[in-house]
Amino acid sequence: MPAKILAREVSTAANPQSRILNLFSPSLLPYAELSRIHRLLGFYLNTSPYFVGIAFSASIASDLPASILLNRLAIFSIWSFFLRCAGCAWNDLIDSDLDSQIARTKSRPIPRGAVSKWNAAIFTFTLFVCGSSVLLFLPWQCAIEAGIKIFFALLYPFSKRFTNYPQVTLANIGWAIPMTMHSLGVDPFDHLLPTVCMFLFIATVIITVDVVYACQDIEEDIKVGVKSMAVRFRNCIPTLAYSLFYMSTALLAMAGGLIGLGIPFFVISVGGHFFGFKGLLKATQIGRSSGVEKSAKAYCFLSSIFWVLGFAVENYFSTFA
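FYI, numbering that gives the first Met the number 0 numbers position 220 of the sequence shown as 219, with every residue one higher than the one before it.
Note that these hints are calculated values from the structure, not bench results.
The structure displayed is predicted, hence computed values, not measured ones.
For each residue, glycine too, the CB sits at the ideal point set by N, CA and C.
Watch out, some of these pointers could steer you wrong.
Simulated crosslink set (EDC-like; lysine to aspartate or glutamate; CA at most 16 Å straight-line) [said to hold, decoys possible]: (1) Lys226 / Asp96; (2) Lys105 / Glu219; (3) Lys281 / Glu292; (4) Lys222 / Asp96; (5) Lys116 / Asp96.
Label-pair distances were calculated between CB atoms; the ranges are [as the list claims (entries may be wrong)]: (6) Ser132 / Ile221: 40 to 46 Å; (7) Val223 / Lys116: 17 to 23 Å; (8) Ser132 / Pro237: 40 to 46 Å; (9) Ile262 / Glu218: 44 to 50 Å; (10) Gln100 / Asn21: 38 to 44 Å; (11) Lys293 / Ile143: 48 to 54 Å.
Make a model of the complete structure from these sequences and hints.
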């Protein structure tokens, strides 16, 4: 799942300087790289939708005890960690022939021979199993949504070969919204329209960031035959990126309005998202600056804090006002 941008993050070279990677022994280092454990942006983008989903659910069912909310935060953090790692490993396994032809990805563990395809497959399967084990602590409906997320995570690397819209498969990360709602006993069908808006909000956010990342490889992707929205719309990337950005802002505002949220939510969550992602698009020059990953990590982290904070402040005022 997202498992995804995930796939677009830069891999370190054979002798990485990352402090996180330096914690691993030489034999485990390639597997740490394979799972992108040192690339934090992917974790933000995979975990924050669950935090937002929990905050969204708590805004609908305001009587949920804090202990349950904290329990779900812990469970979904573990789930998203393993799912993201598994998605990255799976993507590298399937894309190894393409990665070896692209300058930014040819030093990844499989193309450079540090991990065999067989070992990568076993590693990927193990990660999926570890992540799925936490589903035992959640209602059965969550397993269905988890299965959908895993299906699209497995589909993603193949979609880049057959469609110009592989980023659309990343919309599966939006399933974090109904999944968290079910985990807290909130029926998404009882709040269908706001749930759909939140789902699409997460989807457009993920697609936006992945399109920005994909812009780094447009020329090489064209040469090796990798398809993407960045390649398809390469002559009008700013229009695409800003359209997605404004769409995500509108969807977040609609979701909050439909469940009756007030000024704190619109100022903090919607305003924070607007200025955060507008800053992201400007700072990265929509994927054309040299500091795409650094800027994306900073702005996505900041925006995700505002998403959750707005819900939290709104809930506080509605509970204690």
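Return the numbers of the hints above that this structure violates; sort them in rising order. Result: hints 10, 11 break, sorted rising.
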